[in-house]
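Residue numbers (the working numbering), protein chains in the order written: chain A, 21 to 238; chain B, 480 to 714.
It is worth saying that the hints were derived from the structure and are not from the lab. One thing to keep in mind: the hints can contain errors.
Cross-link-like lysine-lysine pairs, in silico, DSSO-like; alpha carbons within 30 Å at most [to be verified]:
id, chain 1, residue 1, chain 2, residue 2
1, A, Lys95, B, Lys551
2, B, Lys545, A, Lys95
3, B, Lys664, B, Lys612
4, A, Lys26, A, Lys178
5, A, Lys162, B, Lys612
6, A, Lys238, A, Lys178
7, B, Lys482, B, Lys643
8, B, Lys664, B, Lys545
9, B, Lys551, B, Lys643
Stretch by stretch, here's where chain B covers chain A in the computed footprint (C-beta under 8 Å, at least three residues) [as the list claims (entries may be wrong)]:
id, segment
10, 48-59
11, 80-89
12, 182-188
13, 198-208
Cβ-to-Cβ under 7 Å is the rule here; a few derived chain A residues that face chain B [stated by the list, open to error]:
id, residue
14, Phe35
15, Ile40
16, Gly43
17, Gly73
18, Lys95
19, Val96
20, Gln109
21, Ile115
22, Arg117
23, Gly118
24, Gly119
25, Pro149
26, Ala150
27, Val151
28, Met155
29, Glu222
Note that the Cβ used here is the ideal one computed from N, Cα and C, for glycine as well.
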Amino acid sequence: MLRSEKVDRNTLAQFVADDIEAGSFVNLGIGQPTLVSNYLTEEHDVTLHTENGMLGMGRAAEEAEVDVDLINAGKVPVTETPGAAFFHQADSFAIMRGGHLDVCVLGAFQVSATGDLANWHTGAEDAIPAVGGAMDLAIGAKRVFVMMNLFTRDGDIKLVSEATYPLTGVGCVSRVYTDHGIFELSDSGTVEVLALFGLSFEELTSKSDIEFVDATSK
Amino acid sequence: MTKIVDTAADAVANISDGSTVLMGGFGDAGQPMELIEALLESGAKDLTVVNNNAGQADAGLALLIKERRVNKIICSFPRQSDSWHFDEAYRAGEIELELVPQGNLAERLRAAGAGIGAFFTPTGYGTRLAEGKEVREINGRNYVLEYPIHGDVALIKAFQADEKGNLVYRKTARNFGPVMATAAKQTIVQVEEILPTGSLDPENIVTPSIYTDVMVPIETQSTELAARERAQGAK
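Could you put together the complete structure from these sequences and hints?
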């Protein structure tokens, strides 16, 4: 797929939703990945997992529905869907670590060509560290998708040969969805370019020493 | 035998200085706020606290930290928009932080309750949170050795109990309660309602009474919310 303009976050969320197979069990990370839920239709029949202990999470709660005992991993009040289930933390992370989730969608500071993920710490030594479930999510699902901007505000590419930020997980990301393109990663470090938005293949390769393969016409 | 007491102060009366206290809750959901406030009142100090977070706003665990009663916290996500008391204590070097991925926190507690000596987990491999830890390759995958977290005391919040001490929880407020109940020498529970023994369906018990040592009935917003839900269901 080729587009002349870069895509916005909602369009990107739609692309991610389109790639989630019907009947999947999915965990959506905090932030940009949450947008994906807006594009999951009844036909998707997706069951959402939230790591604080629930399968079958529904949409965000409206004011009259707010229940302090029913929140998501971002501590936002949510609703439950018919067929929902609650479980404790050890069970919830066993669902993740045990490889039972089909897809997990996360944000990132950097992703390496071999799928190393950096999304929990900027590396600033004076920052108070906080990790939550990020490391468990990174290594748990059958497929880990990342949603992020392809470039930093300073114009540095965030898809890198080797991450310079502290790692969240090693070799765990399968696919990266960005405003400028979609990338399939592999253990070998060769990156298949599935889509480009407002960026030519030549422009992409000029910004990185990663070995890219043009698959945009597939 | 499970002891039922009348007040939160009675429930926490024998928590001594230097104890490791496991505190249930993910954010406010399932946080045993009244027990934590009673612990603050009790004056117990030099505590090690295990919780997912490091206190919110000006209540509960945040106040224990503000009063410098917590020497060390073991948690996964201390930094929040309203964690100012932790932030201040941490920047002043007045609280030790052991940062643990959330799933490792849960599993280390589970391991403590289940008599496991240590376990290998893939979580955190290759990251700075696994630095210095033993690593082993098993069937082509790398794992990190993690040890259990034992508590002297667990403070948890349940929804309903029977007089024997069997517990059920409410929605995502369950979170760390059931694993912490197994991981401490003494488990102290604040519960919305204590029903006569035999009132709870044995098939639906989440925490069996063997783990419950002390219970205190305390009604919170959870009771109102459950009543609202029942009324909506009856419509």
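Here's how the hints hold up against the structure:
A distance of roughly 24 Å separates the Cα atoms of Lys95(A) and Lys551(B); the hinted pair therefore holds under the 30 Å criterion. The hinted pair formed by Lys545(B) and Lys95(A) meets the criterion: a straight-line CA distance of about 23 Å does not exceed 30 Å. Taken as a hint, the Lys664(B) and Lys612(B) pair is honoured in the structure, with Cα atoms around 27 Å apart against an allowance of 30 Å. Pair hint Lys26(A) plus Lys178(A) holds up; C-alpha atoms about 16 Å apart against a cutoff of 30 Å.
Restraint check for Lys162(A) and Lys612(B): satisfied, since their Cα atoms lie roughly 26 Å apart, inside the 30 Å limit. Distance hint between Lys238(A) and Lys178(A) is fulfilled; the C-alpha atoms sit about 24 Å from each other, no more than 30 Å. A distance of roughly 9 Å separates the Cα atoms of Lys482(B) and Lys643(B); the hinted pair therefore holds under the 30 Å criterion. With a CA separation close to 27 Å, the supplied pair Lys664(B) and Lys545(B) stays within the 30 Å bound.
Using a Cα cut-off of 30 Å, the hinted pair Lys551(B) and Lys643(B) is violated, with the two alpha carbons roughly 34 Å apart. Only when three residues or more bring their CB closer than 8 Å to a CB of chain B does the claim for the segment 48-59 of chain A stand; here the count is 0, and the claim is violated. For the segment 80-89 of chain A, the stated coverage by chain B is satisfied: 3 residues place a CB nearer than 8 Å to a CB of that chain, which reaches the threshold of 3. Against chain B, the segment 182-188 of chain A contributes 3 residues with a C-beta closer than 8 Å to a partner C-beta. That satisfies the three-residue criterion, and the hint holds.
Figure legend: the segment 198-208 of chain A, annotated as covered by chain B; annotation inconsistent (0 residues with Cβ-Cβ distances under 8 Å, at least 3 required). Interface restraint check: Phe35(A) against chain B, minimum CB-CB distance 29 Å, threshold 7 Å, status violated. Taking 7 Å as the C-beta contact cut-off toward chain B, the hint placing Ile40(A) at the interface is violated, the least distance being around 23 Å. A distance limit of 7 Å between C-beta atoms decides the matter here; for Gly43(A) the minimum to chain B is near 24 Å, and the interface restraint is violated.
For the restraint placing Gly73(A) at the interface with chain B, the shortest Cβ-Cβ distance is roughly 5 Å, inside the 7 Å limit, so the hint holds. The beta carbon of Lys95(A) comes within 4 Å of a beta carbon in chain B, closer than 7 Å, and the hint placing it at the interface holds. For Val96(A), the interface hint is violated, since its Cβ never comes within 7 Å of a Cβ in chain B; the closest pair sits about 10 Å apart. Below 7 Å, beta-carbon pairs count as interface contacts, and Gln109(A) has one with chain B at about 4 Å; its hint therefore holds.
Among the interface hints, the one on Ile115(A) is violated; its C-beta lies about 10 Å from the nearest C-beta in chain B, farther than the 7 Å criterion. Taken as an interface hint, Arg117(A) checks out: its beta carbon lies about 6 Å from the nearest beta carbon of chain B, inside 7 Å. Because the beta carbon of Gly118(A) sits about 10 Å from the nearest beta carbon in chain B, more than 7 Å, this interface hint is broken. For Gly119(A), the interface hint is violated, the least distance from its beta-carbon to any beta-carbon of chain B being 10 Å, above 7 Å.
For Pro149(A), the shortest C-beta to C-beta distance to chain B is roughly 5 Å, which falls under 7 Å, so the interface hint holds. For Ala150(A), the shortest C-beta to C-beta distance to chain B is roughly 4 Å, which falls under 7 Å, so the interface hint holds. The restraint placing Val151(A) at the interface with chain B holds, with a minimum CB-CB distance near 5 Å, inside the 7 Å limit. For Met155(A), the interface hint holds, the least distance from its beta-carbon to any beta-carbon of chain B being 4 Å, beneath 7 Å.
Interface hint at Glu222(A): violated, since its Cβ lies 34 Å from the closest Cβ of chain B, which is beyond the 7 Å cut-off.
Of the hints listed earlier, those the structure fails to meet are numbers 9, 10, 13, 14, 15, 16, 19, 21, 23, 24 and 29, in rising order.
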